[in-house]
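**Q** Produce the complete structure using the sequences and hints provided.
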Amino acid sequence: MLRYLTKRLMLLVGIVFVISVGSFYLIHLLPGNPATVILGFGATPEAKAILYKQLGLSKPIYLQYFVWLGNILHGNLGVSFISQTTVSSVIRSALPIDGEIIILSQIMAFAAAIPTAMRSARKPDGIIDRVLGATSFTLLSIPPYILIVVLVLFISIKLGVSGTGPSAYVSLGTDWITNLESLSLPAFTLATVSFVVYYRILRSDLIATLQEEFITMARSKGISQRRIMWCHAFRPSSVALLGAASVNIGSLLAAGFVVQYLLQIPGLGYTLILAINESDFLVVQGIVLTVSVLVVAINFFFDFVINMVDPRISRE
Amino acid sequence: MSSFSLEEAELMVEKSEKGEPLGLFFWICVFWIGLNVFGAIFANVLPLPNPLNENFNAINVGPGLHHLFGTDDLGRDIFSRIVYGSRVSITVGIGAILIGFGVGAPLGMLAAYRRGRFDSFLTTIMYVLLAFPAIIATIAVLSFWTPRSLFKIIVVIGVASIPLVYRVIRTATLSVATKDYVIAAKVQGATDRRILMKELLPNIAPIAVSFFLIGVATVITLEGALAFLGLSVNPPTPSWGNMINEARTVLTQNVWLAFFPSLALCLFLIALNFIGDRIRSHFDVTEVKL
Amino acid sequence: MSDDKLLVVRDLTTTFATAGGDLPAVAGVSFDLARNETLGIVGESGSGKTVLSRTIMGLQPRVNTTVTGSSIIDGFEVVGASENEKRTIWGTEVAMVFQDPMTSLNPVMRIGKQIDEALRVRLGMNRKDAKARAIELLELVGIPSPVQRYNAYPGQLSGGMRQRVVIAIALACSPKLLMADEPTTGLDVTIQAQILNLLDELKERLKTSVILVTHDLGVVATRTSRILVMYAGRIVETGTTRDVFYHHRMPYTRALLESSPKVANKSHTRLVTIPGRPPNLLSLSDGCSFAPRCKYATDQCHLVRPELQPSVEPGHTFACWNPLPINAEATLP
Ligand SMILES: Nc1ncnc2c1ncn2[C@@H]1O[C@H](COP(=O)(O)OP(=O)(O)O)[C@@H](O)[C@H]1O
Ligand code: SF4
Ligand SMILES: [Mg+2]
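Residue numbers (my numbering), protein chains in the order written: chain Y, 805 to 1120; chain E, 611 to 900; chain L, 58 to 390.
Misleading hints may appear alongside valid ones.
Stated by the list, open to error - Distance ranges between label pairs, derived from CB positions: (1) ARG334(L) to GLN798(E): 51 to 59 Å; (2) LEU873(E) to LEU867(Y): 36 to 44 Å; (3) VAL765(E) to PRO900(Y): 48 to 56 Å; (4) GLN205(L) to ARG803(E): 49 to 57 Å; (5) ALA189(L) to ARG807(Y): 33 to 41 Å; (6) GLY874(Y) to GLY799(E): 54 to 62 Å; (7) LEU180(L) to PHE728(E): 39 to 47 Å; (8) PHE731(E) to ARG262(L): 32 to 40 Å; (9) LEU180(L) to ILE907(Y): 38 to 46 Å; (10) SER892(Y) to PRO673(E): 49 to 57 Å; (11) LEU645(E) to ALA1101(Y): 39 to 47 Å.
Simulated from the structure, these hints should not be mistaken for laboratory data. Note that the Cβ used here is the ideal one computed from N, Cα and C, for glycine as well.
**A** Structure (structure tokens):
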């Protein structure tokens, strides 16, 4: 277990290193002078000179990387030349919104996927299973940006449910009920996207688990069907579910970007797209770096949890 | 995949059930994909109005005889725009996945066949790359690598898909490479090239084809998202994604504008995913478990 | 039905609906089992032993499976009973030791919990008592330091230890009938004897009837009072252990004996395997299923299936048109 975790931890360090190099190098993909990129076109020569010194821009590129890395490690992601606020404060105010949407969506997705998958797996190819199978397959092919447009059209526009449409965002601190209303459609969209994946993975894994000999063994003890499903089948299968959830995080964040953009909810996604359109590249770089590291960290955390659930994994 | 993540596409490929018949719906899907591809290729010889032609005498016309799917707020023919728009989606989808397979598949097969240091080295690198969330990387690179073009989009998504293709193909090859007939062929002195081409390739083909198709669907979804965020090809060139994006601002005036491209996209994705799913479950027959 | 019969099986048939058609895995099996008796069921791999032993207790797969006939365990008719009804006898009346201890324990559940479960759910014990009893059971089946092992996961135990756990689980609710389906097949030879001796000892101590299923006649030689020989889902010979070993009439039984390392060939030099392969159950002929592999087969054998008929000893029956002579004894030790 300890050895396994150490190995994973070393991999994590390697991955974060790659991410940092990638993010650092992004600036150099842009045509032209990095100083211009960072400060914007209207920057004075004096400001550029200071920046040159500060970032060591005249030094070789690998030294620049270490200067940059040093700054990052001190929490200094630079300053947005549009808003003149620090990138880290921009991220700090946007990130919780993504967190809230994702947590809400995951609660809904798990609450829907687990019972339905259990139901399907109990009678594979039964009527319920078929209906759920066809529904999930169709939903699987509907992109989140279409889903959110449909939801906005029907719920906000046709039904006129207030507080759910574009620009309706209210922060959690202001009023939590209105806040939930304004995040309900995005959360529902992400929940649907996740539900489909979770349902399908869990269902097929459960069906496989239910074929296992230890399930027959559990049956032979004379315990109830419900107990067999929850205590014997679900736990081994939940490993697959957690794995899916872990893999899902990256695409969930991205789906979140899209729905935020549509509804103008000032989370990371909306902030990112605005920054891209305004060529505020330090903000873009900061968000990319933060999100990537977060995803990797979350994956690592899930690894750890999966390990706790299934003692087989760390032993192999 | 609805959530433009190849990782999930991979999960789906691994988890589908086996030995099912293809069925009628499979062929309907094949026909539908064929029709779309045909339309994309021959869009300029088909009797379609110019998709860029603005006609201010026929703005926001509903579906009808004259304009099958109606017109948009600039009077452009929606049907024609959808057919032309499929070009972008299909090109990006196939192009990117071709890059992913072109690099990832041979590497994956070789690694699984050779094993040893070559395999562990390559696999470690790929796992590190895999951990980098591909979709975020794609957005990041596309936002810095300006000006954007179809070519750049294909390259970026294609490169991002390499590690995943590698992993899928490697896993599939591994499960075949340990089978008796492959070992027998080795013992009988068959050349590596022969074993790879004659023994391994045909056996991993169902998984590869399936992952290819589902991968194309995923990339098309992703391209749509990029278009939606304004990171794909620029208007006025139509693509399914940017048509939906433009339409959402006039949802209340003209629902058809969003409806038809969305429908085209969804039907195309459903068909692709279904074909991919079925190919895998039909051809990949493993022993029945007792 | 007399009271000394714990199990009465009549014309039991198990058919699986498969893609290739109906597969009769067990066909027309009848026998009785007395209290405290140990019965052996032997046959090649694939002859239907597992399916039979599961069907007897109603544990056959729940889908695509048809069971007819009758199997009465201590007055309870298993065939046709619902899962809920069967649950009332599982564990308490009849329990099973599974073949492969690597797969029959839940890998993500501590072994203590797996023993507790039956005690708490079936016997209504509280957490503390169940734990104490579980540790007792672990001790009973010979697991060293049971208190520590209580918290182990199956993956942390060796195969032999796991099989002991499986036995502990099976015995948890003191069943009257214990089905042991090849309980030692997956284990090392040295461990095999230990486990079999353990089963013997526990059987004596707990007054349980046992059905011992195996493909290896060596396993049942000294441990059973009677033996059923199975081939292609049917009983082809049955009698006391002694009769089956020394007075068998069916060529298949002979072949089985010859292929058993411990019985036939003390020197362990050469193992005679039965030539040919078991028949495809999806396309059985109307004749004797063994005919394609039998050196005594005649035309009649291929056309008409022989029914079980009595031999000279009481309770000894066999199904064969051209039975071996009665003094077959001479050829075997
Ligand atoms: N669930 C099932 N579905 C279809 N056929 C099965 C199933 N279980 C067992 N069989 C078939 O029934 C026959 C008897 O199997 P089994 O009882 O496991 O044999 P044994 O235990 O004697 O080795 C085999 O031919 C096997 O293929
Ligand atoms: S009936 Fe005929 S084929 Fe069958 S075992 Fe007897 S002699 Fe052999
Ligand atoms: Mg068996």
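**Q** The structure should be examined with respect to each hint, and the outcome stated for every one.
**A** Now for the hints, and whether the structure bears them out:
no., hint, result
1, ARG334(L) to GLN798(E): 51 to 59 Å, "violated (26 Å)"
2, LEU873(E) to LEU867(Y): 36 to 44 Å, "violated (54 Å)"
3, VAL765(E) to PRO900(Y): 48 to 56 Å, "violated (35 Å)"
4, GLN205(L) to ARG803(E): 49 to 57 Å, "holds (56 Å)"
5, ALA189(L) to ARG807(Y): 33 to 41 Å, "holds (35 Å)"
6, GLY874(Y) to GLY799(E): 54 to 62 Å, "holds (58 Å)"
7, LEU180(L) to PHE728(E): 39 to 47 Å, "violated (58 Å)"
8, PHE731(E) to ARG262(L): 32 to 40 Å, "violated (59 Å)"
9, LEU180(L) to ILE907(Y): 38 to 46 Å, "holds (42 Å)"
10, SER892(Y) to PRO673(E): 49 to 57 Å, "holds (51 Å)"
11, LEU645(E) to ALA1101(Y): 39 to 47 Å, "holds (46 Å)"
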